[in-house]
Amino acid sequence: MAAGGAGSNKTYSFKVVLLGEGCVGKTSLVLRYCENKFNDKHITTLQASFLTKKLNIAGKRVNLAIWDTAGQERFHALGPIYYRDSNGAVLVYDITDEDSFQKVKNWVKELRKMLGNEICLCIVGNKIDLDKDRHVSVDEAERYAESVGAKHYHTSAKLNKGIEELFLDLCKRMMENAQADERLKGNGSSQSASSWRGVQIVDDDPQATPAGGCCSSG
Amino acid sequence: MMSQRRGIHVDQSELLCTKGCGFYGNNAWQGLCSKCWREENQKEKQKQIQDDWALAERLQKEEEEAYANRHQKSQAPTNATPFSKFEERKSKEKSSKVNTVTKFFIPSSKTPQKKDAASLDSQSSPSPSSSVSRHSSVDSDQATKEFIDFLRPLKSGREIFKQCRAFTESMVYKRDMGADELSECVQDFYQNLSDRLHTQFKGSSDHVESIMDEVEKYMMTRLYKEVFCPESTDDEKKDLATQKRIRALHWVTIEMLCVPVDEEIPEVSDSVVKAITDVIEMDSKRVPKDKLSCITRCSKHIFNAIKVSKKEAASADDFLPTLIYIVLKANPPRLQSNIQYITRYCNPSRLMTGEDGYYFTNLCCAVAFIEKLDAQSLNLSTEEFDLYMSGQASPHWPPATGASSISPSSTTLSQVHKRLDLLTGLGQRQERVMEKARQLENDLIDWTDEVEQKVQSVLESFSPESQTPAAATATVGETTSAASSAIDSDNVENELLPPPLQPQVFAG
Numbered sequence: 001m002a003a004g005g006a007g008s009n010k011t012y013s014f015k016v017v018l019l020g021e022g023c024v025g026k027t028s029l030v031l032r033y034c035e036n037k038f039n040d041k042h043i044t045t046l047q048a049s050f051l052t053k054k055l056n057i058a059g060k061r062v063n064l065a066i067w068d069t070a071g072q073e074r075f076h077a078l079g080p081i082y083y084r085d086s087n088g089a090v091l092v093y094d095i096t097d098e099d100s101f102q103k104v105k106n107w108v109k110e111l112r113k114m115l116g117n118e119i120c121l122c123i124v125g126n127k128i129d130l131d132k133d134r135h136v137s138v139d140e141a142e143r144y145a146e147s148v149g150a151k152h153y154h155t156s157a158k159l160n161k162g163i164e165e166l167f168l169d170l171c172k173r174m175m176e177n178a179q180a181d182e183r184l185k186g187n188g189s190s191q192s193a194s195s196w197r198g199v200q201i202v203d204d205d206p207q208a209t210p211a212g213g214c215c216s217s218g
Numbered sequence: 001m002m003s004q005r006r007g008i009h010v011d012q013s014e015l016l017c018t019k020g021c022g023f024y025g026n027n028a029w030q031g032l033c034s035k036c037w038r039e040e041n042q043k044e045k046q047k048q049i050q051d052d053w054a055l056a057e058r059l060q061k062e063e064e065e066a067y068a069n070r071h072q073k074s075q076a077p078t079n080a081t082p083f084s085k086f087e088e089r090k091s092k093e094k095s096s097k098v099n100t101v102t103k104f105f106i107p108s109s110k111t112p113q114k115k116d117a118a119s120l121d122s123q124s125s126p127s128p129s130s131s132v133s134r135h136s137s138v139d140s141d142q143a144t145k146e147f148i149d150f151l152r153p154l155k156s157g158r159e160i161f162k163q164c165r166a167f168t169e170s171m172v173y174k175r176d177m178g179a180d181e182l183s184e185c186v187q188d189f190y191q192n193l194s195d196r197l198h199t200q201f202k203g204s205s206d207h208v209e210s211i212m213d214e215v216e217k218y219m220m221t222r223l224y225k226e227v228f229c230p231e232s233t234d235d236e237k238k239d240l241a242t243q244k245r246i247r248a249l250h251w252v253t254i255e256m257l258c259v260p261v262d263e264e265i266p267e268v269s270d271s272v273v274k275a276i277t278d279v280i281e282m283d284s285k286r287v288p289k290d291k292l293s294c295i296t297r298c299s300k301h302i303f304n305a306i307k308v309s310k311k312e313a314a315s316a317d318d319f320l321p322t323l324i325y326i327v328l329k330a331n332p333p334r335l336q337s338n339i340q341y342i343t344r345y346c347n348p349s350r351l352m353t354g355e356d357g358y359y360f361t362n363l364c365c366a367v368a369f370i371e372k373l374d375a376q377s378l379n380l381s382t383e384e385f386d387l388y389m390s391g392q393a394s395p396h397w398p399p400a401t402g403a404s405s406i407s408p409s410s411t412t413l414s415q416v417h418k419r420l421d422l423l424t425g426l427g428q429r430q431e432r433v434m435e436k437a438r439q440l441e442n443d444l445i446d447w448t449d450e451v452e453q454k455v456q457s458v459l460e461s462f463s464p465e466s467q468t469p470a471a472a473t474a475t476v477g478e479t480t481s482a483a484s485s486a487i488d489s490d491n492v493e494n495e496l497l498p499p500p501l502q503p504q505v506f507a508g
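The listed protein sequences correspond, in order, to chains A and B. Numbering-wise (our numbering), the first sequence opens with residue 1 and increments by one. Numbering-wise (our numbering), the second sequence opens with residue 1 and increments by one.
If you are wondering where the hints come from, they were derived from the structure by calculation, not from laboratory data. Bear in mind the structure is a predicted one, so any value in this text is a computation, not a measurement. Incorrect hints may appear among the rest.
[To be verified] Just a few of them, taken from the derived set where beta-carbon distance is under 8 angstroms, the chain A residues facing chain B:
1) G22
2) C34
3) Q47
4) Q72
5) H76
6) I81
7) D99
8) K151
9) H152
[To be verified] Listed next, with one range per pair, are the computed distances between beta-carbon atoms:
10) L423(B) - L46(A): 37 to 43 angstroms
11) K60(A) - W53(B): 41 to 47 angstroms
12) G149(A) - D139(B): 30 to 36 angstroms
13) S147(A) - L413(B): 35 to 41 angstroms
Virtual Cβ for every residue (Gly too), placed ideally from N, Cα, C.
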């Protein structure tokens, strides 16, 4: 997707999907990040499935759109519809639940297969306030994250730990990706106008379309 | 008989043409004869045509004005006083304006003085058939007018309009192209235009977005008929398949989908109904953006329903099942066509990152889920699923063998049962009331009889006294005492009656 663009005062727009099993705290995590609230009766948003956050990183404006996904097993097959054209993915597991970590591994495999290395991955072990019930070892999780080129974070939505850092780092990496893309575009000079369709397009030759090229074909 | 005959009698004069030309008229021609009717009709048609042309002329004028405005800028970009040349420009424009009306309907072969290669090319393209003018219906005219109004204050408004119009008209020639190629063309056009606008407005992306919205509105209103559910695709077939599928799944309940919504709460069921209405309404809109806002409104109602039911903000885990439930309930018309149309022709930035895009994605997910739905995804056994699908059993009335098992009956059904129970109870009570009423009636009748009897007997017992007031005291005393005792014996149960009158003995 066209997240990049010319000009130094360009606003970046990133799409980040939240993946993970139900009940690992995806929603709490994002509500804590965007509203700084946890299990609060006074949550002002009607919903916690699509949230946006405006950031300013190194003088650049960033619009972050966070897409929550349904975590139930029966909706697993719908994943590709959600994560197409994402710039980043936050994969959440519950440190007290070994199964949820397995699910994350499945997601990583799928994402790498479908989207390659374009997408920035963050693996997040949530609920570190329940460390005494930990079932996923820190070592194993961090080693795994490194092996698949993802960053690993420990968070607690309840105690508000690690969440700011997680999203800030993700944004920085996505910006690096976007800037690398821009440079690539600048060199190749062929602007792939068809990128809007993301994964729907199998292999369309991005022909160098001159300005208003399609009008001339009339 | 006479009056009836008079009713259908028609005077000779009434049959004549109302214009008084002497020929017979006809009701179908508003009482005119064929000759006068033709004349009259011609006049009306002429008037209609004139009106249409007037509108066209007006639009064209506005366009010219916008052009003049724009042209001046492009002619003298370095000129610090763009308005100084305005009048001059305008007069020039007027003189060069030939045959404005035809120009409006048919993309003129007259080359504009503008140096834009793209629009130049399409402008000099072979003159199109009248089909272009045919689909410039009232809606399109409205859209054109609004678009021109919107672009007027922009310095490049004229150029934008020219390009959009040229592109829209060029689409007519691409009718035999596949839907994907057409959408590719439109998307390329969006992309090019927005890139150019970005460089022009130097990063003010909000502004560019609003222009792109208007561009989309203008173009898609005009192209809607051509590109919505085109014959070259199997969209229609898919529509029918989805519709049939949803109809076959009518038995799916809230519990099977784990929808966290309690429809017994009035506000919630209200929101559910509104959500259903909104998702159905999507089909009636022409512009992709308007269709998207229908989906967004539907989603907001769903969130409200969830929030009221669960008392917390809805997450995606709650939202998607509820949306699936709403789609199953609504069975929106031409669902696949609408989804395809939006994917093909919507402004990409809206679809990819915005809130509308998120809800649209969820709708796509819901449709994908419904298409692939099987026993497992509803936590049912394969046999149960097949039974329900074939219509041999229903979760509301489980098969005889499953009578003991607690079947997940729908809330509506349980509500119906509850109300039926209530009705039966009311009926019983009504009967009891009626019974009591009848008893009361009988009692009343008995009582009146009794009272009558008593009055009768009292009257009887007192009559001799009244007739012979001056009878011998001794005998009277005897008889009255006897009578009174007889009366009293009648009234043993009623002690409230005043004591009988005692005869008084007048000595003297």
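Checked hints:
no.: 1; hint: G22; verdict: holds, 5 angstroms
no.: 2; hint: C34; verdict: violated, 11 angstroms
no.: 3; hint: Q47; verdict: holds, 4 angstroms
no.: 4; hint: Q72; verdict: holds, 6 angstroms
no.: 5; hint: H76; verdict: violated, 10 angstroms
no.: 6; hint: I81; verdict: holds, 5 angstroms
no.: 7; hint: D99; verdict: violated, 16 angstroms
no.: 8; hint: K151; verdict: violated, 23 angstroms
no.: 9; hint: H152; verdict: violated, 23 angstroms
no.: 10; hint: L423(B) - L46(A): 37 to 43 angstroms; verdict: holds, 39 angstroms
no.: 11; hint: K60(A) - W53(B): 41 to 47 angstroms; verdict: violated, 54 angstroms
no.: 12; hint: G149(A) - D139(B): 30 to 36 angstroms; verdict: violated, 52 angstroms
no.: 13; hint: S147(A) - L413(B): 35 to 41 angstroms; verdict: violated, 53 angstroms
Of the numbered hints stated above, those contradicted by the structure are hints 2, 5, 7, 8, 9, 11, 12, 13, listed in ascending order.
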